[in-house]
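Participant: Chain residues, written in single-letter form:
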Amino acid sequence: MKSSTLRHSLLLLASAQLAGAEVDFRTQIQPIFENACIRCHSAEKVKGDLRLDTKAGFLRGGKSGPLINAKEYEKSELLRRIKLPRDHEEIMPQETEPLSGPHKNWLTDWVRTGAKWPDGVVLKLKKKEIPGLAETDFIPSKAPASLAEAAAVTDQILTKENQASKNPPTKSAAIIDDLSFLRRATVDLIGRIPTAEEIKQFESDRSADRREKLVDRLIAHSRFAERWTVFFADMIRVRSQQEGGPQLLAYVNRSVAEAKPYDQMVRELIATNGRPESAPAAGFALGDAANPMALAGATSQIFLGVRQKEFYDLAAFFGTIKRVEQGKNVKRIYTTEAEETAVKWPPEREQPPKRVGVAPKFPFELVNYTTKPNFIARLEDRRRPNTGALSAAAAKKALDELVDGIDVKQTLRDTKQDAAILAEAKAAAARAQDGRSIYTQSEERKKLAALITDPRNPYFARAFVNRVWAELVGRGFVEPLDNISAYNEIRHPQALQFLAQEFVASGYDLRSLVKTVMLTQAYQRGHLPAGAEVKELASAEENFTATRARRMLGEVLFDSVTVAGHLLSHKWPEGANVREVKRQVRIPLANAAMLAAAEDKSTNQPNMMMAMNKPGQAPAPYDLEKGASLDFDALLKPEKMGKDDDKFGDVLSESKKDLAMNKKMEDDAIEAQRQARIRLLRSGNAERFRLETVTAIVDDNPKFDTTLRMATPAPPSHFIRVFGQPARDNLGEFRDESPSLRQELMMLNGKATHEASRVGPLEPVYHLIAGPNANPAKAVELVYLEIFTRRPTTEELAEAREVISGGKTPADGLADLRWAMLNSHEFRYLP
Amino acid sequence: MSSCTDYFATRRRFLAQTAGTAALLGMPINRLVAAIGSAHAPKAESVVLFWNGGGMSHIDTWDPKPGREVGGEFEPIKTSADGIQISEIFPQLAKQMHHCSIIRSIAGTNGDHGRATYELQTSYPQNPALVHPGMGSFVVNESQKNGDLPAYISIGGMAPRAGYLGQRCEAYYIGLPGERDPYLAFPDGIHHAQGERRLEILAKMNLRASNKIAARDLKETDVALKDAVALMKSPALSSFDLDKENPKTLERYGLTEFGRGTLLARKLIETGVRFVQVNRGGFDNHMDVFPAMRNHGSVMDPAVASLIEDLHASGRLEKTLVIMLSEFGRTPKINKDAGRDHHARVFSCFMAGGGVKGGQVIGSSDKDGMEPADRPVQVADLHASVCHALGIDFTRELTTPLGRPMKLVKEGAKPVKELFA
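Going down the list, the protein sequences come from chains D and X.
Once you know that position 136 of the first sequence is 184 in my numbering, the rest is easy, because the numbers rise by one and skip nothing.
Once you know that position 26 of the second sequence is 161 in my numbering, the rest is easy, because the numbers rise by one and skip nothing.
No lab work stands behind these hints, which were simulated from the structure alone.
Do not rely on the hints blindly, as some may be mistaken.
With a Cα cut of at most 30 angstroms, we get these calculated DSS-like pairs of lysine-lysine [stated by the list, open to error]: (1) X:Lys-354 x D:Lys-583; (2) D:Lys-826 x X:Lys-339; (3) D:Lys-152 x X:Lys-549; (4) X:Lys-339 x X:Lys-280; (5) X:Lys-549 x D:Lys-131; (6) D:Lys-630 x X:Lys-368; (7) D:Lys-826 x X:Lys-347; (8) D:Lys-308 x D:Lys-495; (9) X:Lys-361 x D:Lys-856.
When you get a sec, could you build the whole thing from the sequences and use the hints?
Facilitator: Below you can see the structure in the form of structure tokens.
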């Protein structure tokens, strides 16, 4: 901060000195107008009745009057608009980043000195340059033979880019040792620390490529999909409490588990309409309430890494999306297409006399290659289907997907056998389009999905690679991760481009990308030693010559505590920890019959309205440390509603179901319940209670579940939220890694840490610390391996033995040691 | 400088640079800044915010419309303040009205729960690119920590998020008032001596790691840990306990979660907590609004009135700003289900203490409570007023982690000066 403040004041000083100088229109002012203004203020589009491409237009001004106030130049509308705060409704430019400080100063000086526009100069929209693609000389033309080679090439490019940089070389950290690599890789790929068993397996492999083999094992592990579901859930903002949220989460999980190509997944997310129960990808649009502007923002920022303020052209692709809600008691919500676009120009806030629909136009340019690049050819090769290779089951699945409105033509194209399937699918699709289907699919969104995922789209693969790289290495090539722009430097553009090309060539395969990153030296480097200056750390991390000491994600930290403490199964025999606890309970003062009569019986589903009408309900103590496994498969099983599911019949059967329910709850019964509720509310006793202390018998022998399969995000005070899981309400929300008091309290005094520390008879270390064969040194070694994934040093061993002998029993002493280890920095921060 | 547990050394350094002189004078910086250029001497030191989620009907509470069709079933009653009438559901509060101010002309803009809540809590419209801090978070960010307890505590529900101010300014959350918080003491079965021993082992281990790991926030983690341990040992923790309260006091506040929460809020303020938010839901009364409001009255009236009475009796009311907010009001028109729907165009807010002049109504709505009639107050003006009461410079520009400059309160906000006349 100090140095940047200094730099900032130098800048200010410099610009103050420049202030006296005459500003040159052609070299200074014209580029600002061309880059930032005339996209919306020219012959093509005349926002606010203002044209800035000609002198006449500039002098005439716009709806808000003239741009220049000759008498008091500071009060010129032009200057007022560009100097407004970023969130202000009237700030200019609106469709790109606010002007930089120097640009504002130039314009100010230009206006101050008379705003002279040379006669006859007409400005043209400047073609936007795609950031980070100018240089390619470090990228080898020959495709790497393996992912390991791709990793090596990545390191070579990084080195060359560092050498070519004007910045001084940075300190570099050595490659981490085997056990540190095991811990780091296991945490990153399967979301928990390794077990003693896994350490043994890894250490027994002395082959030269043991790290690669480990990565292969981890990628094949069942928890890989769980861990990377968390990554996607953060990225696309999965919220279980939203409409379609649970299904979307299950869909993401299944997509990762099935190794669905990333581009296919994104096409489905963008283009799917339907009911989330049968078309779970529709949950993506429902997450933004099927709002075209929000979807345009999300699509661009999430999948392309490009932020913009307003983009009607892009939003117009979503213009006809419609969210439909049906059913009274059991709500059914789905997306479909409306007749008319909701994206209109000019915006409503300008209160125009007339608004017209905006036509979809893709605001990004695809790269126009003169010859087909090798990585695209490799992608096409990979996707050319083998004749006859499609099994009957796969063909049936493909058909189902097509009927569901998912584009699988790509994989079906050009094969004879598939032609028949395609014909049948087409017929089915035609039937679906004849007006009987209520889930119309959007042709415009399919086009958009194709454009976004086109291998020639320069943003799509890079944006994703940047995120995956940052997730693993701890820092992106571009930061913030979702802001690729000409105003935001890409530190190693060629390394990013190379990885992106390899990702495309791999068929957009997450696992190949992850493996490549894991095998780079950049991933495997240690941190700079303690005592390094913040600036040194930052520049080494930016150059990828050292890694950042990352804290485990909340989910991973919790799961690591439970794994290290053997809490995934019971570690005590039943009844070993029976004790009496006293608890306060609240006994309602209202008459029991009155309470019962007022209870809502019409539905057992959580009803938003009822939930909102209940005073804030708090979870029981320790509920904040629960994991819970959702049954993702059940969420994806289409409900059986009848033969004509997803057609009008569906709606009919649904309304029949509603009717049946209403019949059951006779109208007068509903009314009686309402009256009972009114009586209760008027009684003055609806919320009153007295406290009573009750005694309960508990057996402290808990078993914990993983937090990776929970509904997500967890409740706001839950352990994993306190450790940074984002609420995902907003775009561009990243994990908060900062420490807090609450985090410490939850670790120090939490149930999980406490139970993980206690030594139970059913866990391996027990016989090493209690009983005739006790061997405290071995016990310490085991807990060090189980908790820190390493062996203790001589000093640590001696200290640990002291701790053990200082306990009431050796087992108690060992529990104290484990508790301290679980609470320590070393446990939380990755090696 | 800040009572959000401020571990952010760089920021602290920055503040020290920019405001070194003020710090030398031994005066809270922001207060000094606010003192310059304003005749008002800030009196408030802490805030109790009652947050009524769902949109509380203004007509059935602070802005009765007797004799109009929209008036509903409640009669207005006289209060201890001359000429001010409020709804009959608040008989005890009516007796405290000489301490209280009501604003009847808030001109809201948003009828959607989520967006309106965001705006009422942060002063900013919701923005997909940035999370703004809620009122409690920015207040504690701008004031000094006072005592061991967390500076910002939310009772009975979730407070808004701290946004770009980060974890440090998040509210400490209390689920059930009076219930033992398991995270504030060693777990059952770990006695004091054993707990101390564990902390010693941990300190040794961490010290060793600090010499090994160059994690940037290790120091911050150390401070957080130190604060956590201090909190666990603090005698101030007894403020969380309601068991030792006089049963008569408990009865007076009401034998409800809300009553206990309000009593707890008072005790926390007395212990030095800067900002307490007491949450209550159940105001989204699209159906049967009158019995619902009758119940709200019977629960809230004794609690809030007792709070004001007690704060006044102990001389703390001057230093404590009590404010009651909801995301919007409800439609004057009573719908077919005997309910009222969302209405943002005008609604009311209730304030007391903290230097707010008692016994006045500011602004008014039109005859049916549809629109502001005079003195429209913008939502962000409320935030500016809260800051003003506390002596916080609400125009101060902060920097988000991504380097964006951001005003504490939305640009253009002005304190409602009449409150402090």
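Participant: Next, verify each hint and record whether it holds.
Facilitator: Hints and how they fare:
no.	hint	in the structure
1	X:Lys-354 x D:Lys-583	16 angstroms, holds
2	D:Lys-826 x X:Lys-339	22 angstroms, holds
3	D:Lys-152 x X:Lys-549	28 angstroms, holds
4	X:Lys-339 x X:Lys-280	28 angstroms, holds
5	X:Lys-549 x D:Lys-131	21 angstroms, holds
6	D:Lys-630 x X:Lys-368	23 angstroms, holds
7	D:Lys-826 x X:Lys-347	25 angstroms, holds
8	D:Lys-308 x D:Lys-495	20 angstroms, holds
9	X:Lys-361 x D:Lys-856	26 angstroms, holds
In this structure, every one of the numbered hints holds.
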